[in-house]
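Assemble chain B onto chain A, guided by the hints.
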Amino acid sequence: MADLTLNLTKPGDTAKKLSLNLTKGERFTVRLAWEGQTDIDLHALVCVNSGAGAKASSFDDILSTYNVRRRIGMQEVGTLAKKSDGSFEIHGGALVHSPDATDGDQADIDEWILVDPGKLAPVQGGVIEIPLVTMVHPQDGGRRFRDVKNAVVTIENSSGAQLMRVSLSTQFGEFVGVQMGSIMIDHGSTNFHAVGVGFNGDFNTVLAHFS
Amino acid sequence: MAIKPTVIGGAPASPGTPAPSTAPTIIGQPTQRPTALPAATPQPTAVAAAAALTAEVSRLRGIERKALRVERSELARRHPGVDTAVLERAVAVLGTVTPEVFDEAACAAFGLAAQRRFGEIVDRHLKLLHDESVRSAPRHLARLHALLTEVGEALQPPGLLSLKRESARERLNDARPEIDQLRGLLEAGIAPLTQAQAQLQQLGRDAAELFAELSALTIACDDLAERFGGERTHALAERGLSIAKTAGLLQEHQLQTAAAARELAQLVARIHDGVLVALPAWTASVLTAADTRQTDTQRYVLRNALAELLRQLDGP
Chain A
3 MADLTLNLTK PGDTAKKLSL NLTKGERFTV RLAWEGQTDI DLHALVCVNS GAGAKASSFD
63 DILSTYNVRR RIGMQEVGTL AKKSDGSFEI HGGALVHSPD ATDGDQADID EWILVDPGKL
123 APVQGGVIEI PLVTMVHPQD GGRRFRDVKN AVVTIENSSG AQLMRVSLST QFGEFVGVQM
183 GSIMIDHGST NFHAVGVGFN GDFNTVLAHF S
Chain B
7 MAIKPTVIGG APASPGTPAP STAPTIIGQP TQRPTALPAA TPQPTAVAAA AALTAEVSRL
67 RGIERKALRV ERSELARRHP GVDTAVLERA VAVLGTVTPE VFDEAACAAF GLAAQRRFGE
127 IVDRHLKLLH DESVRSAPRH LARLHALLTE VGEALQPPGL LSLKRESARE RLNDARPEID
187 QLRGLLEAGI APLTQAQAQL QQLGRDAAEL FAELSALTIA CDDLAERFGG ERTHALAERG
247 LSIAKTAGLL QEHQLQTAAA ARELAQLVAR IHDGVLVALP AWTASVLTAA DTRQTDTQRY
307 VLRNALAELL RQLDGP
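Sequence order for the protein chains is A and B. Just so we're aligned, residue 3 is where the first sequence starts under my numbering, counting upward by one. Just so we're aligned, residue 7 is where the second sequence starts under my numbering, counting upward by one.
Mixed in with the good hints, there may be bad ones.
[As the list claims (entries may be wrong)] Computed spacing ranges between beta-carbons, pair by pair:
#, chain 1, residue 1, chain 2, residue 2, range
1, A, Glu-37, B, Ala-250, 40 to 48 Å
2, A, Asp-142, B, Pro-86, 42 to 50 Å
3, A, Asp-107, B, Asp-320, 32 to 40 Å
4, A, Ser-213, B, Ala-91, 37 to 45 Å
5, A, Gln-141, B, Gly-254, 41 to 49 Å
6, B, Leu-282, A, Asp-142, 50 to 58 Å
7, A, Ser-89, B, Glu-94, 29 to 37 Å
8, A, Asn-206, B, Ala-250, 47 to 55 Å
9, B, Ala-111, A, Asp-105, 21 to 29 Å
10, B, Ile-69, A, Asn-206, 17 to 25 Å
11, A, Asp-107, B, Ser-79, 38 to 46 Å
12, B, Ala-265, A, Asn-202, 52 to 60 Å
13, B, Ala-265, A, Ile-74, 58 to 66 Å
14, B, Lys-133, A, Ser-160, 57 to 65 Å
[To be verified] If you want the footprint, here are the derived chain B segments under chain A, 3+ residues with CB under 8 Å:
#, segment
15, 69-80
16, 94-102
Since the hints were derived computationally from the structure, they do not count as laboratory data. Owing to the predicted nature of the structure, the values given are computational and were not obtained by experimental measurement. We put the beta carbon where it would ideally sit given N, CA and C, even for glycine.
One chain only, chain B, in its complex shape:
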């Protein structure tokens, strides 16, 4: 009996079938294509499941305390439109509440620390506004403005009674010791003013952070008031109202802080652009003008430059 060979994976090739012609590989063939990353839609790679733990977590002998676990989605449903970050904070706040020990005293103290921080922020703001460098700079600028205005009067077109008046150069020379002193004080004040600007910006950030916390505390208060009953609910409702009022006051304060930050930035710009740049340029123009009486054109140019300088010292 003829035994046929076992064929793996298909029919045997017929002995008579001609072998397919194999063309030689040509390096640098024009039709060769660059290697491309697979274009097909990649299938997600399955991540191996974590091996199951073979041991239970060890616990010290003691009393277990489980904090509340509230899902963000649950809070979102009950407080539609509230920012996700605030909801997450509220979840974190609720996560620090352990029902077994959250008694009436804890309810009455809920959120007090955050409210105290509001007082601290206001105090920091006031301290900053009463800083000597912040208070003195506008006074120095006003005095400088007055001195330059007096000098500028000599640049007005001469009238019938002004034949014997001092020239702008003479007036400037008389006022220069005080002008130079004011310029020095204002220049030295830039560093503390810049520092005050940075502190004010930090204050703004701290206020924003506190506002988010107060908002989260209000939501958490609301949730807890519904969760507990009796006196605790009453106490928490009062706390929620008080925290919400603080958040409202903080919002007003944030507007004041923003306005103060804008004013401080303008003050620094007035000193920089007016006192440190435009003033020396104008002074040099007056002092280097012809020794003899100035022409109408010279006076006009200097008067215009002075008007621009005074505008810069005035600010917007």
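Same shape as in the complex, but just chain A:
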């Protein structure tokens, strides 16, 4: 038999005080800058990690310029719609990517990604993990980061504190890709965890690992 319960409220009881959650959600900004004509890209994936590694389940989870809708020959490829300013996003704006930069000619920052974990729905039985990756575009004649001048990626939180600063050109010169780290979102707790792994492979290698 179910436990008996009674409503213990009586007329005249003091009403519960109104209150608001005053905590502002943590946000992250990933910035990539470089000089010269090489094409470098930032990528991020919204994955679920249930203990066996981060896994993305749909193309809607992949924030990458390779996943932007475009026509190649007669075939339309990609999932994400490009906005009028060239930017694109996933999960209702939880992750936003700047317009794709195909060279490092911008004055300061060439590409960026904004991550607003507050816009992501929590998942059951695991945590949300967002691996952050930067890669040299494979069609750039086999170039590696050492061939790119002053390639630097930084990651900041919403209060402007720098959580990571990596010189791709000097620290990861012999690689074409680097996983800077992952943003982990676990039931109200949001943190960036640095990884700093350099690898050689294309973006499909990254997708294969995270799917």
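Relative to chain A, chain B alone:
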């Protein structure tokens, strides 16, 4: 057997005890006090600890590179008196150094990019000083000064040999085409001069930023030289010395930039206050003076006004 009722939280009230009198609440009672926030020392609210992660961070297969992690406090201890912001920058610089790949070539290239920026800043400064608007304005002001001085000679008290000399008004009318042309050129030059002022201020900010970076690089160099051994230490010690010299040169350059900014601001003020305000006022005074020969008093007033105008064109 008599069973007593169970009483929760205290002794039962004696049946004979009179109930406390409850006075009715009176709205608007004079003794009513306004609601006040709690005056007691507030206790800090405990923040709930973040839930522990239930999953490890996923890593791509590859080679892990860990940059140096140096605490600011450690640098502060070794470099007492250094500004906190510079120390933080040094920590950030060291955070981009990965020992496994920081070879002799990397040591030899350490800080070179920042030193090149010093050269760029000097080049920008020189380009600014050789800008035509910056160079021509003082020349125009000097010519205007000379023309007005000539006109002013007619305002001197007449001597024995000056009975037939031109009046100030006649001299001014003769010189007016050139005066008006110079005034137009100087007025048109204000916008580019103001732009040059803004560029010079930006240059000052960039120089200050670079100085902070060079200072941080010097500290980082020192730290790295102690951390590594052999040829790398030697190379880093040389780099540290070279960067410190650049920082010294930059400091000298900052003083020059500040002086140039002051001179440019004075130049703009001379054009604005002298050419655009005082000159038209003085010209009108001369031209509207009586047609007949001017009295000593009129000449005295115009002479004083001209002296003030020339002082403004001269600058401090």
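To see whether the hints hold, each was checked on the structure:
no.	hint	result
1	Glu-37/A <-> Ala-250/B: 40 to 48 Å	violated (26 Å)
2	Asp-142/A <-> Pro-86/B: 42 to 50 Å	holds (47 Å)
3	Asp-107/A <-> Asp-320/B: 32 to 40 Å	violated (47 Å)
4	Ser-213/A <-> Ala-91/B: 37 to 45 Å	holds (44 Å)
5	Gln-141/A <-> Gly-254/B: 41 to 49 Å	holds (47 Å)
6	Leu-282/B <-> Asp-142/A: 50 to 58 Å	holds (56 Å)
7	Ser-89/A <-> Glu-94/B: 29 to 37 Å	holds (32 Å)
8	Asn-206/A <-> Ala-250/B: 47 to 55 Å	holds (49 Å)
9	Ala-111/B <-> Asp-105/A: 21 to 29 Å	holds (26 Å)
10	Ile-69/B <-> Asn-206/A: 17 to 25 Å	holds (20 Å)
11	Asp-107/A <-> Ser-79/B: 38 to 46 Å	holds (40 Å)
12	Ala-265/B <-> Asn-202/A: 52 to 60 Å	holds (54 Å)
13	Ala-265/B <-> Ile-74/A: 58 to 66 Å	holds (60 Å)
14	Lys-133/B <-> Ser-160/A: 57 to 65 Å	violated (40 Å)
15	69-80	holds (count 5)
16	94-102	holds (count 3)
Going down the numbered hints, you'll see the structure goes against 1, 3 and 14, while the others check out.
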